[in-house]
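Novice: As a plain string of letters, each chain reads:
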Amino acid sequence: MSSLKASSGSGYLWRWWHVCTLPWVVVLLRVVLGGVFVFAGFSKLLLPHAEVVAHIQQYQVLPGWLVSITATFLPWIEVGSGTALLVGFCTTPAALLIGVQLLSFSALMSIVWAAGIPIEDCGCFGNLGLPETPLQVLIRDLIMLVLLLPIIYRQRDALGLDAWSSAPASYEA
Amino acid sequence: MERAIQRFEGQVQLVLYPFALNPTSEVATQAAWCAGEQGKFWEFHYMLYRRQELWNRLAAPQERLNDFAKDLNLDTTALKSCVESGRMQDRMKADKAYGQQLQVSSTPTMFINDYRIVGTQSEGELVRLIRQELNRVQPQGQ
Amino acid sequence: MAKKSKARAQTLSPRQQSPQKPLTPRRWRLKLVIGGAVLAVALGVGGLVRFLQQRDLSPHLQGTGDKHYTLGTAGAPVVIKEFSDYT
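Residue numbers (the working numbering), protein chains in the order written: chain Z, 5 to 177; chain P, 841 to 982; chain C, 5 to 91.
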């Protein structure tokens, strides 16, 4: 009985994995995740730099010098990696870069949540998004991390620049 | 802030723009300006911060602020009618619009000439920033 | 065996049999160009947004503190405009 349950559990997971790695699903995930990061980056670029600094400072985790560097470069990294993922260009490096960002944000939110630091709005989407608490951001980021896996696994088959450039060669005369 | 400014006497001017983020703050802002008509703006301004916990969670803080005004020997009847008349609304809206034009979305936001700072700063940090700006606009020896 | 190799020779077209340049390296270069261009456009738009925002700031900040309460010296070289909320 228990072996049946175990096999049905793993079968269930296998079915979900199979669905998630369908090419059109991978394209959808790429567009959604890439779009989220492009939006996040642009929403920060629309803010004055000092506002982004203030959003990061409120976490009280990063040292002062790192706050300024993060506020300067993070929006550009988000826009760049999000755009690359959106169009399927250098998909694996873009996905890995996004994965690193998601892991960093998740770690930061975990610390903030565990320490009980009061944050009303994470500032993840500047003034363009809904205010999110650290726990909400943590859950969202972990879900997005999981959704990166099919993209990395199946991106060669899915519509995008990488897939196009690695298509079977049709030979020129 | 005041101590930081005192250190640079003659070289720094602070201009205050109350930027009310909620209805309770709007009442307090108007009350402060009305107190200013009686010559006691700064006293009322500092008192609002000192006793912030006593009024800032009230939906209608007028009565509490009027009680505070008595401690400053203000004419509370005149203060109350000034706030209720809404005379200060236009001024408040104009300051809000000005702040929004400058993309102020959280408080405190300060502009040291063109340099924007968001969030509460320590006195040491303020002094450093003021000195930095003074050195920029008045290079040493000039 | 002989049949197999004959069959194989018959399936290959003359074009495929002749020496050729594979298209893949050209596509790879094209991919880099297109992908780089898309990235450049995205980052360029971001830069434009930042530039326009910063450009507008200075003129908006000009002007005296008329009708506002001030501390310090009028006409001072450093003017601090403070936007604060009492709550």
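It is worth saying that the hints were derived from the structure and are not from the lab. Note that CB positions come from ideal geometry on N, CA and C, so glycine has one too. Certain hints may be false.
Stated by the list, open to error - To give a feel for the contact side, a few chain P residues facing chain Z, derived at Cβ under 7 angstroms:
id : residue
1  : Arg956
2  : Val958
3  : Gly959
4  : Gln972
Novice: Each of the hints needs a verdict: does it hold here or not?
Specialist: Taking the hints in turn, this is what the structure says about them:
no., hint, verdict
1, Arg956, "holds (4 angstroms)"
2, Val958, "holds (4 angstroms)"
3, Gly959, "holds (4 angstroms)"
4, Gln972, "violated (14 angstroms)"
When the structure is compared with the earlier hints, a violation turns up for hint 4 alone.
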